[in-house]
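Chemist: Protein chains in written order, with our numbering: chain P, 8 to 122; chain V, 218 to 330.
Calculated from the structure, these hints are not laboratory results. Some hints here could point you the wrong way.
As the list claims (entries may be wrong) - Cut-off 30 Å, straight-line C-alpha distance, at most; resulting in silico cross-link-like pairs (DSBU-like, lysine-lysine):
1. V/K294 to V/K277
2. P/K71 to V/K322
3. P/K48 to V/K322
4. V/K322 to P/K21
5. P/K48 to P/K27
6. P/K48 to V/K329
7. P/K48 to P/K71
8. P/K48 to V/K277
9. V/K269 to V/K322
10. P/K27 to V/K322
11. P/K48 to P/K21
12. V/K269 to P/K48
13. V/K277 to V/K325
14. V/K294 to P/K48
15. P/K48 to V/K273
16. P/K21 to P/K62
17. V/K273 to V/K325
18. V/K325 to P/K48
19. V/K285 to V/K322
20. V/K294 to V/K329
21. V/K322 to P/K73
22. V/K325 to V/K294
23. V/K285 to P/K48
24. V/K329 to V/K277
25. P/K21 to P/K71
26. P/K62 to V/K322
27. P/K27 to P/K71
As the list claims (entries may be wrong) - Here are some chain V residues the structure puts well away from chain P; computed CB gaps all over 10 Å:
28. S231
29. T243
30. T245
31. K285
32. V299
33. D301
Yeah, the Cβ is synthetic: ideal placement off N, Cα and C, and Gly gets one too.
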Amino acid sequence: GAVVSQHPSRVICKSGTSVKIECRSLDFQATTMFWYRQFPKQSLMLMATSNEGSKATYEQGVEKDKFLINHASLTLSTLTVASAHPEDSSFYICSARQGAYDEQYFGPGTRLTVT
Amino acid sequence: GDSVTQMEGPVTLSEEAFLTINCTYTATGYPSLFWYVQYPGEGLQLLLKATKADDKGSNKGFEATYRKETTSFHLEKGSVQVSDSAVYFCALSERGSQGNLIFGKGTKLSVKP
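Between the sequences and the hints, there should be enough to build the whole structure, so can you do that?
Modeler: Here it is, written out as structure tokens:
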């Protein structure tokens, strides 16, 4: 099946610094990528949807200036958490989809801890 | 808005036991329903899906039937294995594969030998 990778798998950073998380589709071209956030014992919450070459669409309540998403190529999307604070600590998961009718394939997630 | 509710875990079973994980949903339209599985250290994988009422999705011995009258999509397996230990997520999408996925909180299953 299709493979989506995320890097890093785990990151610890100090409050006030920015962190970049990469999401790559390894064996297919992803026209759409999704970013989710998961709190402990909670469901995955969609943060934003990005289409290659265009601006991301953010869900209500998600700060676009804090969570910067770039989808510059058909195989790579990045999520940058700007000026991270402890409340941004969470598990971030990306998924990728080749076409509008295709299944989403999920990455393994990135655990962000802000100290 | 749309939502998915699934039974809280963790669920611990012995090998070869029968598994049921309950899932109910709230939706304004006629959603597609999904079960995803997440094995330790891996991304979510689609386990099975159903796109309309009375459809039964099945895969790897797991089954779930789309019940519109009870707004449910319970996951079942007749005989679980240790390798089935994972977290299971129920999800819906209002526009099939095109729509955004709305997930339940996940149910962790541990199967003991």
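Chemist: Are any of the numbered hints broken by this structure? If so, which, sorted upward?
Modeler: Of the numbered hints, all hold.
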